[in-house]
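Chemist: Spelled out, the chains give:
2 protein chains.
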Amino acid sequence: MSTLIPCIVAGGAGTRLWPVSREAMPKPFMRLADGLSLLQKTFERVAGLDDVTRLLTVINRELLFRTLDDYRPLNSGRLGLDFLLEPMGRNTAPAIAAAALHAVRHYGEEAQLLVLPADHLIRDQQAFVSAVARARDLAEAGWLVTFGIRPGHAETGYGYIQQGEALEAGGYRVASFVEKPDLQTAQAYLEGGEHLWNAGMFCFRADVLLRELREHAPQVVEGVERCLALSGAVEGKQGKQCELDAPSFAEVTDISIDYALMERSSRVAVVPCDLGWSDIGSWQALRELTPADANGNQVNGEVILHNVQGCYIDSPKRLVGAVGVRDLVVVDTPDALLIADAHCTQDVKFVAQELKKRGHDAYRLHRAVTRPWGTYTVLEEGARFKIKRIMVRPGESLSLQMHHHRSEHWVVVSGMARVMNGERDFLLNTNESTFIPAGHSHRLVNPGVIDLVMIEVQSGEYLGEDDIVRFNDIYGRAPAGEKSN
Amino acid sequence: MSTLIPCIVAGGAGTRLWPVSREAMPKPFMRLADGLSLLQKTFERVAGLDDVTRLLTVINRELLFRTLDDYRPLNSGRLGLDFLLEPMGRNTAPAIAAAALHAVRHYGEEAQLLVLPADHLIRDQQAFVSAVARARDLAEAGWLVTFGIRPGHAETGYGYIQQGEALEAGGYRVASFVEKPDLQTAQAYLEGGEHLWNAGMFCFRADVLLRELREHAPQVVEGVERCLALSGAVEGKQGKQCELDAPSFAEVTDISIDYALMERSSRVAVVPCDLGWSDIGSWQALRELTPADANGNQVNGEVILHNVQGCYIDSPKRLVGAVGVRDLVVVDTPDALLIADAHCTQDVKFVAQELKKRGHDAYRLHRAVTRPWGTYTVLEEGARFKIKRIMVRPGESLSLQMHHHRSEHWVVVSGMARVMNGERDFLLNTNESTFIPAGHSHRLVNPGVIDLVMIEVQSGEYLGEDDIVRFNDIYGRAPAGEKSN
Chain Y
1 MSTLIPCIVA GGAGTRLWPV SREAMPKPFM RLADGLSLLQ KTFERVAGLD
51 DVTRLLTVIN RELLFRTLDD YRPLNSGRLG LDFLLEPMGR NTAPAIAAAA
101 LHAVRHYGEE AQLLVLPADH LIRDQQAFVS AVARARDLAE AGWLVTFGIR
151 PGHAETGYGY IQQGEALEAG GYRVASFVEK PDLQTAQAYL EGGEHLWNAG
201 MFCFRADVLL RELREHAPQV VEGVERCLAL SGAVEGKQGK QCELDAPSFA
251 EVTDISIDYA LMERSSRVAV VPCDLGWSDI GSWQALRELT PADANGNQVN
301 GEVILHNVQG CYIDSPKRLV GAVGVRDLVV VDTPDALLIA DAHCTQDVKF
351 VAQELKKRGH DAYRLHRAVT RPWGTYTVLE EGARFKIKRI MVRPGESLSL
401 QMHHHRSEHW VVVSGMARVM NGERDFLLNT NESTFIPAGH SHRLVNPGVI
451 DLVMIEVQSG EYLGEDDIVR FNDIYGRAPA GEKSN
Chain S
1 MSTLIPCIVA GGAGTRLWPV SREAMPKPFM RLADGLSLLQ KTFERVAGLD
51 DVTRLLTVIN RELLFRTLDD YRPLNSGRLG LDFLLEPMGR NTAPAIAAAA
101 LHAVRHYGEE AQLLVLPADH LIRDQQAFVS AVARARDLAE AGWLVTFGIR
151 PGHAETGYGY IQQGEALEAG GYRVASFVEK PDLQTAQAYL EGGEHLWNAG
201 MFCFRADVLL RELREHAPQV VEGVERCLAL SGAVEGKQGK QCELDAPSFA
251 EVTDISIDYA LMERSSRVAV VPCDLGWSDI GSWQALRELT PADANGNQVN
301 GEVILHNVQG CYIDSPKRLV GAVGVRDLVV VDTPDALLIA DAHCTQDVKF
351 VAQELKKRGH DAYRLHRAVT RPWGTYTVLE EGARFKIKRI MVRPGESLSL
401 QMHHHRSEHW VVVSGMARVM NGERDFLLNT NESTFIPAGH SHRLVNPGVI
451 DLVMIEVQSG EYLGEDDIVR FNDIYGRAPA GEKSN
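Chains Y and S supply the protein sequences, listed in that same order.
Every letter in the first sequence is one number past the one before it in UniProt numbering, and letter 313, counting from 1, is 313.
Every letter in the second sequence is one number past the one before it in UniProt numbering, and letter 139, counting from 1, is 139.
Hints may be right or wrong, so weigh each one.
It does not matter which identical chain is meant; a pair holds if it fits inside one copy or across any two.
[Claimed, not checked] List time: in silico DSBU-like cross-link candidates among lysine-lysine, alpha-carbon distance up to 30 Å:
1. 356 <-> 386
2. 386 <-> 240
3. 317 <-> 237
4. 317 <-> 349
5. 180 <-> 240
6. 317 <-> 180
7. 240 <-> 349
Just so you know, the hints here were simulated from the structure itself, not pulled from any lab data.
With the sequences and hints as input, model every part of the structure.
Modeler: Set out below in structure tokens:
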């Protein structure tokens, strides 16, 4: 059978899981109770398939380093890592078309793609492996294969797939795709037994996908082809990396693969399956993954309850006292708190949307900001000063830079730093400090083998992140701009 | 008429107003929307009385400097400030007995005391002034005068005073004191018109109080007399300060003035009044002081509401998103969060009690800790390091001290510091820093006229607040112990 290339597609803002999911750290990076992110769980899912040697990830270019951070501890080197880096989201049809074109170009026309959302949960790996095997047989026979989850309840939040006649190669022809139903219809689907949840997972041969897409949505393929012709591709040590050209990608039709193709093609099949699947579409869906105590409460963190029932309280860092409340979802982060009725957690997206409208930082960023070299966290800001905790991973470094308006005190609290400060180049050990006057070019490297943790006290008239002149940047970022360090 | 000495008695932990009210910063220090604390409002109340030249405050000795901080901006020097400093709470009878003995000793047998709780609110100052005038007439005639608030609703949370026959000197004889009633009884009291709320405010001549107390609760007076004989008194520049002797005060009977005396004496009168009074006994009581919006919400801070009704959300520092919730009280502080049903806010005390039982810091302290010289706030703690923001008020200083196990980096971010570091004595300006190695004696002074703000980065094997050797302490604290700096 042809080569299988799993393709993890990360899109969507995950606004219903604010304040943990934010634009710069969206839902795929949310960690569950076992410490793994949804993206890591998706990685492990594909790594658990036989014969897979290469993973293609389609993700926003801002999230590349974060993604590599998540893959690093799981990938022993067995999987080559290809990336298609999107400058902005254009929905699933362009992303999948790009993946298919990438596969045809590098791995042959008959390469099979297994498209998986980056932020779903599948608890039954064995069932997943079997379903993929069945899907591959159908794909080999020229079908566009969808995965249909057998419904566990009358869900109104998902689209449904109606299964039609049984196919020789296994599975079923798709009779129709159905939009999110009302409760009565969903109930009828549940009882009828021929409607399945559309999980947004697909398997197909790259050539079949492109042929069908050229027939039903030619503008998508053509747009993506134009974009790929203008995009720079590099062969990295782990795999092929292609950063999609922004102006031409912006012009590709913004459309889902369901609308563009699946609902139109006659070559669509479905593999019914029971995978222990969840799209974790809300805090309520997330909490249902973990058992509750005798009062129906699920608690993470230091929480004192008095006469509390049916509450989910996630507060890893701060003490919470709850008194007399029922059926609440409480999610605490260092800079923002969510309190929602457990029956309304779908509406959390309205809070995130309002923050986006206001241009509020808490839509985009967490207090701890991830950078290619590590993280920084603003501990306190005041008139003329700002205090940051900076963590630099072993072997990483911040670009040589200079600030016009601020000086910086650095105190190493853990690990070892190598500092270039003006003309001097020296090592700074734990519990040592240095002072970088405004106008001095400086550079920070972690030459050691453990994390470097530093406290930076900035002072000056102006402390905006855009007061930075970068003299070089090993991560390929602009010499000056909105990003810090 | 005899001299009037207002006497503010601060006791009680205010646990129903956790997490803002804590042991080291209890309810009297809570600030309302106008920026004044309840204690400051009480101060202004007595400062607004004619002929008052001296205020006596009975308060826990740990709260003296915090109290002076609150009085300072309000007292132009017109009021002398006497203090009786309690080593621990022994309820109101010992506190009032000590106040009466203090008054007799320094201001004559016939001095009148006006006893006011430190944490109540009175919105009608003119009615208060009139009620005090009537109470003084009765006190002069030898009555122990209580203030009876005309009930506005059938409250089950207060004790009641039943008024008896009218007295020649004004007011009424007290027919009886009644414990907190059930709702039906409270309703009957409201309709009957002869029951008043017991506000815990009193007016009497010191000699009358002591005579009656010697008759009905002699052990209280004798215990307090023994204690005062052993207590050190100093004549400060603002008034007389007496720190009550701890071992002997601990042996005084723990009893309220109501139980010890008012319910037993036949010389008790009541002045009925309408003062716009509230004891702010819960978050729900507090929120009722401010108007709500069209959805019944009261919000302080950056809050995004979606389909929210009847909620009080106080979050001065962090963003809150609320979705689909009803009738909640949410109070956010840097280290602890309260979420309570609006109908259960009396039960918040159970959370505070549980924290006390566990010996949790959030029962006793806020993240920002008040010291005689200013404040400090722990910004972050980790293995082998701790970062504090330190604010020193103009002219104040930290004691000369030394730590065995930690070194400290100091960076001045605002104001000017004078630093003694080992043998050196120098000025440190804004944006300058110094390093204090472990074992070096050091001292910090704010020689300037604006607040000194410093970031202190501590590092070492052991960073407990008890690693301190104090060589002298202008605030009279122990050379080593649990207090920092």
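Chemist: All hints are to be evaluated individually against the structure, with a verdict given for each.
Modeler: Do the hints match the structure? See the list:
1. 356 <-> 386: within (25 Å within a copy, 35 Å between copies)
2. 386 <-> 240: Cα proximity of residue 386 and residue 240: none, with 40 Å in one copy and 44 Å across.
3. 317 <-> 237: neither (38 Å within a copy, 46 Å between copies)
4. 317 <-> 349: both (24 Å within a copy, 22 Å between copies)
5. 180 <-> 240: Classified as neither: same-chain Cα gap 38 Å, cross-chain 77 Å, threshold 30 Å.
6. 317 <-> 180: neither (38 Å within a copy, 40 Å between copies)
7. 240 <-> 349: Close neither inside one copy (35 Å) nor across copies (61 Å); limit 30 Å.
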